[in-house]
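A.B. asks: Protein chains in written order, with the numbering used here: chain A, 479 to 703; chain B, 479 to 703; chain C, 479 to 703; chain D, 479 to 703; chain E, 479 to 703; chain F, 479 to 703; chain G, 479 to 703; chain H, 479 to 703.
No wet-lab data here; the hints were simulated from the structure.
A portion of the hints provided could be inaccurate.
[To be verified] Non-contacting residues of chain C with respect to chain B, defined by C-beta distances greater than 10 Å in every case (computed):
#1 Gly500
#2 Trp514
#3 Thr524
#4 Ile540
#5 Ser545
#6 Ile554
#7 Tyr559
#8 Leu560
#9 Pro583
#10 Leu614
#11 Asp624
#12 Val644
#13 Gln645
#14 Pro647
#15 Asn672
#16 Ala676
[To be verified] Here chain E is said to cover these stretches of chain F; the calculated rule only asks that three of the stretch's residues, wherever they fall, bring their Cβ under 8 Å from a Cβ of chain E:
#17 603-611
#18 655-664
#19 680-688
[Said to hold, decoys possible] Computed footprint of chain B on chain D; a stretch qualifies when at least three of its residues, placed anywhere within it, have a C-beta under 8 Å from a C-beta of chain B:
#20 493-505
#21 508-518
#22 552-565
#23 616-625
Glycine is no exception: its CB is placed at the ideal position from the N, C-alpha and C atoms.
Number of protein chains: 8
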Amino acid sequence: MQPSTSVNDYATLDLDRQKRCGFPEVIFSEGKTVPWLLGVVQTLHTAGQDVFATRVNPEQAIALEKSYPRAMQDPIGRTFYLPGNTAKTRTGDVLVVTAGTGDLPVAHEAKTTAQVMGANTEMIVDVGVAGLHRLLVQVPRLRLADVIIVVAGMDGALPSVVGGLVQCPVIAVPTSVGYGASFGGLAALLTMLNSCSAGVAVVNIDAGFSAGTLAAKIVAQKQQK
Amino acid sequence: MQPSTSVNDYATLDLDRQKRCGFPEVIFSEGKTVPWLLGVVQTLHTAGQDVFATRVNPEQAIALEKSYPRAMQDPIGRTFYLPGNTAKTRTGDVLVVTAGTGDLPVAHEAKTTAQVMGANTEMIVDVGVAGLHRLLVQVPRLRLADVIIVVAGMDGALPSVVGGLVQCPVIAVPTSVGYGASFGGLAALLTMLNSCSAGVAVVNIDAGFSAGTLAAKIVAQKQQK
Amino acid sequence: MQPSTSVNDYATLDLDRQKRCGFPEVIFSEGKTVPWLLGVVQTLHTAGQDVFATRVNPEQAIALEKSYPRAMQDPIGRTFYLPGNTAKTRTGDVLVVTAGTGDLPVAHEAKTTAQVMGANTEMIVDVGVAGLHRLLVQVPRLRLADVIIVVAGMDGALPSVVGGLVQCPVIAVPTSVGYGASFGGLAALLTMLNSCSAGVAVVNIDAGFSAGTLAAKIVAQKQQK
Amino acid sequence: MQPSTSVNDYATLDLDRQKRCGFPEVIFSEGKTVPWLLGVVQTLHTAGQDVFATRVNPEQAIALEKSYPRAMQDPIGRTFYLPGNTAKTRTGDVLVVTAGTGDLPVAHEAKTTAQVMGANTEMIVDVGVAGLHRLLVQVPRLRLADVIIVVAGMDGALPSVVGGLVQCPVIAVPTSVGYGASFGGLAALLTMLNSCSAGVAVVNIDAGFSAGTLAAKIVAQKQQK
Amino acid sequence: MQPSTSVNDYATLDLDRQKRCGFPEVIFSEGKTVPWLLGVVQTLHTAGQDVFATRVNPEQAIALEKSYPRAMQDPIGRTFYLPGNTAKTRTGDVLVVTAGTGDLPVAHEAKTTAQVMGANTEMIVDVGVAGLHRLLVQVPRLRLADVIIVVAGMDGALPSVVGGLVQCPVIAVPTSVGYGASFGGLAALLTMLNSCSAGVAVVNIDAGFSAGTLAAKIVAQKQQK
Amino acid sequence: MQPSTSVNDYATLDLDRQKRCGFPEVIFSEGKTVPWLLGVVQTLHTAGQDVFATRVNPEQAIALEKSYPRAMQDPIGRTFYLPGNTAKTRTGDVLVVTAGTGDLPVAHEAKTTAQVMGANTEMIVDVGVAGLHRLLVQVPRLRLADVIIVVAGMDGALPSVVGGLVQCPVIAVPTSVGYGASFGGLAALLTMLNSCSAGVAVVNIDAGFSAGTLAAKIVAQKQQK
Amino acid sequence: MQPSTSVNDYATLDLDRQKRCGFPEVIFSEGKTVPWLLGVVQTLHTAGQDVFATRVNPEQAIALEKSYPRAMQDPIGRTFYLPGNTAKTRTGDVLVVTAGTGDLPVAHEAKTTAQVMGANTEMIVDVGVAGLHRLLVQVPRLRLADVIIVVAGMDGALPSVVGGLVQCPVIAVPTSVGYGASFGGLAALLTMLNSCSAGVAVVNIDAGFSAGTLAAKIVAQKQQK
Amino acid sequence: MQPSTSVNDYATLDLDRQKRCGFPEVIFSEGKTVPWLLGVVQTLHTAGQDVFATRVNPEQAIALEKSYPRAMQDPIGRTFYLPGNTAKTRTGDVLVVTAGTGDLPVAHEAKTTAQVMGANTEMIVDVGVAGLHRLLVQVPRLRLADVIIVVAGMDGALPSVVGGLVQCPVIAVPTSVGYGASFGGLAALLTMLNSCSAGVAVVNIDAGFSAGTLAAKIVAQKQQK
């Protein structure tokens, strides 16, 4: 297979990425016109690859729905998924945990991404540290997971607490939920980077996609043993 | 009594502050030469007021020790205290809690300040959220307090957790403990300002003095009823 | 009573919070769809608890008005309040002071919150430091308060001045009122954190809710004596 | 075993952490006096646990050397290691890669941490993107690793490039190497958080310890299968 | 020719700039009303000079189209070009390279600017570092260029990689493409300023115009020899 | 005259300011509802004072026009002026200079403010440093002024150049004109604060009102001699 | 007289500045070696001009003292002054006011600068807003001044209060006095830029020299009438 | 020749860089121990390549002087140069211009770098915009240059002015000279990125090396024609 292909004068698709990195190139839909988006979707689809797009806005979602009515779209997480030719099995146990209800869009993006990339996933919602008992009753479940993705805005304190309760890797996703001095998620991001629980992995603000990818990679590693 | 007095050409002491605000003017020692510091200490002392100084550096401490050998100095919290003429009684229960050992200097400053200003104080050290059980065994003690001062650096997550466990006011003090993206305490400060536990009072970075003053004012209010 | 309850797949309500922290979980309406908001309101209401929601946007307000026509809504402060089963008495004297007219929405949020949580409240508006005499005539009233909440944008200087005139705790709320280098309230926030008046409590930008909660906790403490 | 223990009035050691999180509490030496540091080392050692300390400054290193001459110290990575009672086996393949020579202290801290926590480790130095062929000849080696830790200052571009070449998880560590607008590692940190290679895990600036811990957790997961 | 001319009471056109700097004053359309924009276009055009405007918004574009139907407008790069009286020849080989599809508007602005100012230009799109082989196949083409303009958002890593592969000057243009901690292009800007490849020229965020101008100046210099 | 007056429950007007500061309280219209704005305008007008309002948005402008058709409104500078009872004479020579056309709204606000407060004013537009000769021909005029207000966005370099050419005080006003790393005027603000020309006075971003007030005060001083 | 002169290969002195700007070029001593500093001092002195140097460090002060024992040095304000050939008269009334004792070095620099440049100066120290009565007793004196320079660190609130009490121009100088979130004077700087008192002139952090120069220019204007 | 070589366990030298990029790898001395530095110098020298090191601190300088007494060291610019085997000719006309005396160390680094990399260089010092005539007399010389490097701290305004006077490319180097709100050169950096003169190339703060390299590349291009 050719390693990359041009799509008119606006894209150079990396058709080799599945082989190199374990999953085909994912489409970041922001900043793309509808024709550009449809063009890259079609090219990947024609090449027999999985087509996964994130940050799909409503206008794009409608256009995609029209062209690919059987694809799966998640309006909360704003993702689009059109499976390719190869059969898949799922592996591992990725648990997504959110601090609040407002963190759900990012959590959905993370969960769908990990799933599409081959992981089994579950979610526990709204167990922020202001009501600690909601989290503590989940400790046995937390300890079963292979990887935990913790999604939190405002003070971003939840990953530190979760990290102190389990052995598995914890991935922290700051969200832009909050107001005033949360500065669009900066506060939560800094909290997570400075976590007093050792070994927390941090990704970009609102980057559910990054967290899901990282989680899928970790459980895929486990499988390879 | 005259409400203020000049000290040579470098200070105008507010001798009325005890009456207005409940405690005499406190001396911030940073940026003061030794003669300036000794001058204001002497003026306040001569006026019969309590003399309390913070951020005393080693050179200043030695000079003060020489002039006022009976004053109380705390080398960890870097404070100096020379009681005035009025007898005092202590009131309330101010509990100082630290996330780590490195937060001790700020915690000492807070504790001494609250005490000097008329509060009963106790301290619990090194109960950060990475080892939650250390904190959870203290919950009954936490619930007895009138005010809790929580001192934390790094992720600054402890006040959110404490705030979710008690009814009394919680005062959060961010410290500059940490490295890299803690940016001298900024990370912990933002965490605390964005606490998901409602009603946490925040003070400046490393500002044990502010926290102690605020705590003393809150318990003093209680006494007035 | 069970300590928490799931609301479909988007929330885990902390029904134990009143017991633990003195007031039920408050609903932060930002980022919640109308069905989510109605869902959590209904669940709390069914459990017999006070239902208090902040940051209610116009679309949410209309939906809530339709379902709960007897609830109290404050369009300036953007709050919704539906009292629960327990009778209440009010305590203390919380005084809300604003620097300017533009600070009124945040001041309303603070005042309503403190009131709903059991405090007596009053307000003095538009007494910023550029016209100091407007404040100075209020000094006798200021000195009667148990707690003063000072709401200010732009230079955020008012809490320092108020703090130097009274004995009671002062809570400073920076607002995003201003332009240019106010950077959305950052300037006022920093001013307040660096107040030269000792013991000022600071909360997040525009966080009238946090200030009101803190004030209610302080006067509740007083009552417990 | 008791879950925690007080060390005089300055520490509360979490003796349960090995069971909960897979490795005993690690000592962050910054901001600790020599007696405090010796006190916590002795307490952990007496409890039969592994003693691992990071950010050991020269004065602390000499004092530790005197008390524990058989412990392992790495002056480049500034770590101290005194093994506990339990025998260990190493697992996995953690590869540490640096962009430049100046990144070595952080890389050493990462490598030693991963090793002490049970991973096999190797290092490739000075293969920054300005001379891409140095990296490209290492691709076969990179593809054998279970986890790659990439340590880079200045532009922090290396993790994006490595992340595009391999399937395994990549952990990015920004360092404070650079000058001017690197702002103490902030530039490299932001680069890594915004990596166009999906699924890069980011840790704090200069946080070799965090990266090593995360890597050890990932390979430990693999072992558990 | 007079060196400058007033346009009513809102502009002072620099009619001498072509002589001094090699190209007439370019119109920055942002913040100009339609009448203001038309006024300066007409004045420059009447003076026989090239008229080049950037950041033309849709409303301005329609008005300009109506008055100057033969002018060239590029809706992707948002530029307007109305050639003046003097014949031109093109020189040099300016190559514009983009990391992703979302960088195209900025790349178009850069390419059009360089072209209008006298350079030959070509473009290679979507060859970001996550799929390095897409870039490596272009190395022979890269090495033919006189100047390379590299346009990249997110991590902004591409200029460092390109800079390590060629001898010619590289101009790096950070774009605001990305989300979360890209902070509107700040992340990419800092990456580029800290490039480990020596001698990369950086321009403002999204400043395709600046990059195109600089490139045209460099190749014009070559011509003068 | 009473020194202040309440306007319903939303304002406390400072009627004493003219006496104290030389001009009545000016109304900052942002964040005020139309009824609030009309209320304070009416109160000041009834008290016989000059009514001057800034940052008037279109909706407010229409309402004011309807109630006070004889008042002067400047739609570019967004000001409203309704003269009071006292006759005025103008004094001094305040010269407003802009770097570009986009700076005109701020320059208008500055000019109108200075004029309303009693200064003679003139304006020179679009003489930024990229075409220095446009400024140099104005040097004789610059040297006649009593105060020069320099309004500039982007690099904000013009005040430094003007400051090096004249003896009179220079007031620098940074504007939010620019893009990318101008960060809403921050770049120009920092430039002006760091001016290598001694004694430049800086005001807030886009703060034409502040600059005009300061200029009027300076020339009023001159008059008092 | 020639308008500028080279000093070896490290300086180009502007000998024309007195004529153009009212005072000779002032020497900023930071970053200058002792030979460089002595070189420029000698050149200005030989040209018969006033020699004024700021930010003189102790090593430089000793060298200058040795060469020019009759020059005036102020160790608190770190200035050096060697009068030139022309006789001077002083004019105006510049009043320097400080919020605290720690602001004295900056206040001294401001006072000396204004004096050297031809103004009469006086100082009032330590009248910060936490003890407002200290300031209020000075109001009659404040109202006599032609210009007031207000020097304040921490919250930087004093200029807003002073600005609301007087008619004359107020120059605000933020200082780096404070700790934690004062961020080296940034907090005070932002406060002053956002002053709710109209028409406050702001200068750089710790820039006593800028404030003094501006004040001298304002009173010099007055004299010219 | 082999493209890269290991130096013990701390470096991987890129011996192919001269061929690829036109000049051998340059040694950034900061963060390197003396043995590391000597090791890489010796390896490059043995390979017959030019050895150029920047940011040489005094301790390193002494060690290098001892080992390579014939190498050229510039203590102001902190560079070390040991020419390799190949004869060179110089080309082009690179003019370095500084705003002040304090910018000299950075200017020296830039000049030496450009020279070592094959350009003819000259310098004009201390012609900042506060005394514009010093610059204007140099305009004829400026217009002869092929590239101008402008080095400026404080307001960083000089490159905008120079850029408006010439046709050749201008490279702007912000320096950390200044105080207060210059924030270590950030102010000058932002000024330069926002230059109103089109096509200014910006490099990192204090990055004389980057500017020199870029200038040498531009003039080398010219030569190739």
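A.B. asks: State for each hint whether it applies.
C.D. replies: Against the structure, the hints come out as follows:
1. Once the 10 Å rule is applied to beta carbons, Gly500 of chain C is inconsistent with being away from chain B; the minimum gap is 4 Å.
2. The non-interface label for Trp514 of chain C is consistent with chain B: the shortest C-beta to C-beta separation is roughly 17 Å, beyond 10 Å.
3. Chain B leaves Thr524 of chain C outside its interface by the beta-carbon criterion, the shortest separation being 22 Å against a cut-off of 10 Å.
4. With a least CB separation of 26 Å from chain B, Ile540 of chain C remains clear of the 10 Å interface cut-off, as annotated.
5. Its beta-carbon lying about 25 Å from the closest one in chain B, Ser545 of chain C satisfies the requirement of being farther than 10 Å from that chain.
6. Consistency note on Ile554 of chain C: stated as away from chain B, and its beta-carbon is indeed over 10 Å from all of that chain's, at 21 Å minimum.
7. Here Tyr559 of chain C stays apart from chain B, with its beta-carbon at least about 15 Å from theirs, past the 10 Å limit.
8. Separation of Leu560 of chain C from chain B is adequate, the least Cβ-Cβ distance of about 18 Å exceeding the 10 Å criterion.
9. Every CB of chain B is more than 10 Å from the CB of Pro583 of chain C (nearest about 19 Å), matching its label as outside the interface.
10. Remark: the non-interface label on Leu614 of chain C is consistent with the geometry, its nearest Cβ contact in chain B lying 13 Å away (cut-off 10 Å).
11. Listed as a non-interface residue, Asp624 of chain C fails to keep its Cβ farther than 10 Å from every Cβ of chain B; the least gap is roughly 6 Å.
12. Distance check on Val644 of chain C: its Cβ comes as close as 7 Å (rounded) to a Cβ of chain B, failing to clear the 10 Å threshold; non-interface status is violated.
13. The claim that Gln645 of chain C lies off the interface is violated: its Cβ sits roughly 4 Å from the closest Cβ of chain B, which falls inside the 10 Å cut-off.
14. Once the 10 Å rule is applied to beta carbons, Pro647 of chain C is inconsistent with being away from chain B; the minimum gap is 5 Å.
15. Here Asn672 of chain C does not stay apart from chain B, with its beta-carbon only about 6 Å from theirs, under the 10 Å limit.
16. With a closest Cβ-Cβ approach of about 4 Å to chain B, Ala676 of chain C is found to fall inside the 10 Å limit, against its non-interface label.
17. For the region 603-611 of chain F, the stated coverage by chain E is satisfied: 6 residues place a CB nearer than 8 Å to a CB of that chain, which reaches the threshold of 3.
18. Only residues whose beta carbon comes within less than 8 Å of a beta carbon in chain E count, and the region 655-664 of chain F has 5; three or more means the coverage holds.
19. Requiring three or more residues with a Cβ within less than 8 Å of a Cβ of chain E, the coverage given for the region 680-688 of chain F is violated, as only 0 such residues are present.
20. Interface restraint, the region 493-505 of chain D with chain B: holds (3 residues with C-beta to C-beta distance below 8 Å; minimum three).
21. Coverage of a stretch by a chain is defined here by at least three residues with a beta carbon nearer than 8 Å to that chain's beta carbons; for the region 508-518 of chain D and chain B the count is 5, and the condition holds.
22. With 0 residues bearing a CB less than 8 Å from a CB of chain B, the region 552-565 of chain D misses the requirement of three and the coverage assertion fails.
23. Coverage of the region 616-625 of chain D by chain B is violated in this model, with 0 residues showing a Cβ closer than 8 Å to a Cβ of that chain against a need of three.
Checked against the numbered hints given earlier, the structure breaks hints 1, 11, 12, 13, 14, 15, 16, 19, 22, 23 and satisfies all the rest.
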